[in-house]
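First to last, the protein sequences are chains A and B. Mapping to numbering that gives the first Met the number 0: the first sequence position 43 is 42, numbers consecutive. Mapping to numbering that gives the first Met the number 0: the second sequence position 68 is 67, numbers consecutive.
Treat each hint with caution, since some may be false.
Derived lysine-lysine pairs resembling BS3-like cross-links, with alpha carbons at most 25 Å apart [unchecked claim]: (1) K480/A / K596/A; (2) K1/A / K220/A; (3) K522/A / K60/B; (4) K618/A / K604/A; (5) K268/A / K63/B; (6) K268/A / K64/B.
Which chain B residues stay away from chain A? Per the calculated CB distances, all over 10 Å, these [said to hold, decoys possible]: (7) V41; (8) V43; (9) E70.
Don't read these hints as lab results, they were simulated from the structure. C-beta atoms are modelled at their ideal positions from N, C-alpha and C, and glycine is treated no differently.
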Amino acid sequence: MKGIHQKILRINLSDKSHRLDCRDEEFYRTWIGGRGMGAKIIYDEVPVDTDPLGPENLLYMSGGPLSGVYAPATGKTSFVCKSPATGGYGDSNVGGHIGPELKYAGYDALIFEGAAAEPTVVVIDDDKITFQSAAYLWGKGTFETEKILKDELGDDFQIAVIGPAGEKLVYIACIQHDFGRQAGRTGVGAVMGSKNLKAFAIRGSKGVPVADAAALLEHGKQAFANCFAKPGFEEWTPMGTAGVTNWVNEIGAFPTRNFYTTYFPEHEKINGEALLERILRTDKGCFACPTPCGKYSSAAGVLKDGTREETFQVLVEGPEYETIALVGGNCEIASIEEVAYANYVMDDLGMDTISGGNIVAFALECLEKGVLSKEQVEGRELRFGDLASVVYLSEIIAKRQGIGDILAEGVKIAAEKFGHNSQHYAIHVKGLEQSGYEGRNAPAMMLAFMTADIGAHHNRAWAITHDIAVGVDVFEGKPEKVVELQHIRPFFDQMGCCRLQWVELGFELENYPDLFNIVTGEKLTWEDMMHISERVYNLTRMFWVKHMPGFGRSWDWPPPRMIEELVPTGPSAGKKISEENLNWLLDRYYEVRGWDKNGIPTPEKLEQLGLSFCLPDLK
Amino acid sequence: MNLTTESITVHMGIRGHCAEYFPELPEEFTHQCGVGLTLRQVMVSLGINPLLIMGVVVNGKLAKKDYLLQEGDKVILLSPPTGG
Ligand code: SF4
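Model the full structure from these sequences, guided by the hints.
Now the structure itself:
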């Protein structure tokens, strides 16, 4: 098999050693790359009862066989670990250039083991691995850290860093790369921080072994040409994902005021047009991306904090849609400049803006409802719609100061500690805060959040268009659609490339087996690929079964607000999901998946997918 | 509705994955409709659920779905993109 080096670089931070883990081709055929290989490795090697922030946890990173080859958008990379945010399977994907660079350094994947005694930077320069003190970087923000390392090592190094949130083991800490790209979800930055790893830098000078280089040159050229020629190419690029803001409001699915409602009347102040007209400076894309969705913005404004007023002027990548939804609508910030500033603050602190916006909104609602008192926030008047409140809460969370120490562990744990019915305001599934779509009037999207294998994240099955297409009151066929999408979309993370060219431009799925086979020399069909993706989805489910005592159906249940409260305003006013309908959706979903009524894969299913090694973990 | 016996011709295109929900419509087509209709009304008359369209571009510029169509307009209907 080509497209791989058959080398996984394992770096032990405890004793500053490294070694190569060379696996046979069958391993790559079975798991492909990215989250597939990562899921298998952590399943095998991370023992039950491992503290996600202990040295036994692994931090795995890899793209896939397509990483860094001449084909559209082959720059995506997955981080995989046992998640501190949920205690279960965790992964998070990042764009930029670091996945291809790892490949050029001669490795298919990178694994950090153990924990360094002191803050450390690891430098991977092809075969040369060095460990440097990061004492002088500890406490610094992500932007400054990356800039210092670029200046010291050279611009040709690709760098991943954590900020203060990762250092303080905040469960929503992200890993930042390329001055604004984040592996944001599931607390991968906290795992990096637990290893005392402030940053790592990679530079490679090798090639990628390709089965048929001439065919790749021809096919790759054609694939780029196809993307550029796709009708709609010119219309997609200008606003990036921010362009979806109006639409999500129009269909009544925009998280607003801690998911209290699903329509933000002031969304036109933070939508794609506002971004385009007021703050956008330039596009910014990942490696080999024909459709750069990244937007680089410059925002200025005034931060009014009590009687104090400070001007701000920031350059930031974003805001992209998820940040607009969770920091904008969900915290009711009605200014694109202010959303951009909060985006910058959270990025610099090294925290996920999705979970960050959720936790801030949760805290604001807890204050409003009297669950938290003014004294617990240093006597401040915190409120929705106030940038200073968002900034203050972000900072105390990232630095674990005062009440921020509890909020730093996410809304699920915070609600357990706060009590007083605050579970009602905690919007999460499995402990992961929900991303920027509301499901009370979109059952397929709700089911997608309930059954996503990392918690309430949208990217496993973005099923909301299906809800609109077949009708929001229709349930039949939706579990099947969610399962189908849960196999298609994560497979891109196994190959090491971005899915937005397919989603946005309609770049045909048939292109991917062709590219994959030209690079690897394999003869996979799309159906083979979906079978492999299903295998991985069942393995990640089994990770939960293995690691979480009592795991089952109740873990797939949505936040109480979705069931108990009617949407009060906007196009979805009067809607909620009934328990009866949720149970129907779950029953059918489990049936389609070949899982039992409790949501556990059956022995037959595991055997059919080549997962017999999981059978003992069914207990 | 301000419909008259006169008609106008507009050029329409559908972009992105939503096209799968309107398989009977080609990616590009020319359409004749009455004067005084909004784009939303024309979408409905063509069997296109306006909620499945994220945004519209008319003659190269972003427009609202309630845009009043004019003779010769070039309209592009965009599917919602997704992040992550
Ligand atoms: S579409 Fe966006 S996320 Fe995907 S590769 Fe391009 S810039 Fe990166």
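task = Give me the numbers of the hints this structure contradicts, sorted from smallest to largest.
result = Number 3 only.
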